[in-house]
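Participant: My request is simple: use the sequences and hints to build the entire structure.
21 is the number of the first residue of the sequence shown in my numbering; add one for each residue after it.
Bear in mind the hints are in silico, worked out from the structure with no lab data behind them. Accuracy of the hints is not assured; some may be wrong.
Said to hold, decoys possible - Think about it this way: if two alpha-carbon atoms lie no more than 20 Å apart in a straight line, the pair counts; the simulated SDA-like pairs of lysine to any residue are: (1) Lys260 with Gln179; (2) Lys99 with Leu270; (3) Lys260 with Trp243; (4) Lys260 with Leu175; (5) Lys260 with Leu270; (6) Lys260 with Ser171; (7) Lys260 with Ile168; (8) Lys260 with Val111; (9) Lys260 with Gly173; (10) Lys99 with Phe127.
What the hints assert, rightly or not - Label pairs and their in silico Cβ distance ranges: (11) Ser170 with Val297: 32 to 42 Å; (12) Arg47 with Val218: 53 to 63 Å; (13) Ser60 with Gly173: 41 to 51 Å; (14) Trp69 with Phe127: 37 to 47 Å; (15) Val162 with Gln271: 20 to 30 Å; (16) Phe88 with Pro227: 48 to 58 Å; (17) Thr256 with Phe296: 27 to 37 Å; (18) Asn246 with Val68: 50 to 60 Å; (19) Ile304 with Ala215: 25 to 35 Å; (20) Ala308 with Trp222: 39 to 49 Å.
Even for Gly, the Cβ is constructed at its ideal location relative to N, Cα and C.
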Amino acid sequence: MCDHRVSERRAFGVRGAFGVRGAFGVRGAFGVHAVLVAASLAMVAPFVWQVVTSLKTLSSATRVPPTFLPEGRWDNYAKVFELLPFGDQFVNTVVMAAGRVAGQVLFCSMAAYAFARLRFPGRNVLFGVFLSVLMVPPQLFVIPQYQIMSSLGWLNSLQAIIVPGLFSAFGVFLLRQFFLGLPRELEEAARLDGAGPVRIYWSIMLPLARPGLVALSVLVLLWAWNDLFWPLVVNTDPEKMTLSAGLASLQGQYQTDYPVLMAGSLIASLPVIAVFVFLQRQFIQGIAHTGSKG
Numbered sequence: 021m022c023d024h025r026v027s028e029r030r031a032f033g034v035r036g037a038f039g040v041r042g043a044f045g046v047r048g049a050f051g052v053h054a055v056l057v058a059a060s061l062a063m064v065a066p067f068v069w070q071v072v073t074s075l076k077t078l079s080s081a082t083r084v085p086p087t088f089l090p091e092g093r094w095d096n097y098a099k100v101f102e103l104l105p106f107g108d109q110f111v112n113t114v115v116m117a118a119g120r121v122a123g124q125v126l127f128c129s130m131a132a133y134a135f136a137r138l139r140f141p142g143r144n145v146l147f148g149v150f151l152s153v154l155m156v157p158p159q160l161f162v163i164p165q166y167q168i169m170s171s172l173g174w175l176n177s178l179q180a181i182i183v184p185g186l187f188s189a190f191g192v193f194l195l196r197q198f199f200l201g202l203p204r205e206l207e208e209a210a211r212l213d214g215a216g217p218v219r220i221y222w223s224i225m226l227p228l229a230r231p232g233l234v235a236l237s238v239l240v241l242l243w244a245w246n247d248l249f250w251p252l253v254v255n256t257d258p259e260k261m262t263l264s265a266g267l268a269s270l271q272g273q274y275q276t277d278y279p280v281l282m283a284g285s286l287i288a289s290l291p292v293i294a295v296f297v298f299l300q301r302q303f304i305q306g307i308a309h310t311g312s313k314g
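Facilitator: Now the structure itself:
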């Protein structure tokens, strides 16, 4: 009889504990989802405000208190093409971004593979030097790079905005971490078949590193697409500028046509958003795999 009562109390205690944990679990999940929804709305709100502002007049866009309903002024999008050589600047931006992405995928992956897989004297010291570049403010490189571009006669050209972005220490670090997480058995099997380091890198390691390469490509694309300072330094010709520099020229000293500026910014951001949506799975996979091994 006593054993039966003890077992009932234990069963009740277990049910009570699971009931309390279940209640806290539901509340915790609700709280997490509430925070995520609030954060999502906070991130989407600027984009929605950009769309609404692009469909307003200048007077309604600067009105206080602000209005939250669009007015259907689609002519703001036409004004962007009237005020700027938008087509030329869009092509310049695409060429610049594609050149930087291709360069960093190739050169950074080669250096990263060497640091991760090859054995040579001073490897760790040289990699430390690469990492130290990340600690140097990029503004310190502006004057030397400008002097190099000027001496080569590349000012007001696409080479001036592409070549300095063909390589980065961050890209080497990111891909090195990815290569470290790949199994060594594949390399050993390839060496037994007579493959050299170049063949192993190009035919085996590079295809396996596709998620990491996609992650680096997306990051470089975002940086190149939003790059404003360097294109303004080396270019003064509006037809050779990028979209970010062209849109910056729409800001006046005393007055800015914000609806037109928002319309141009929205058009310029759509290609990047489309690329990220298309490659988001590989991007997340590459970032997650990169941090799996140090």
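Participant: Among the hints numbered above, which are violated by the structure, and what are their numbers in rising order?
Facilitator: Per hint list: 10, 18, 20 violated.
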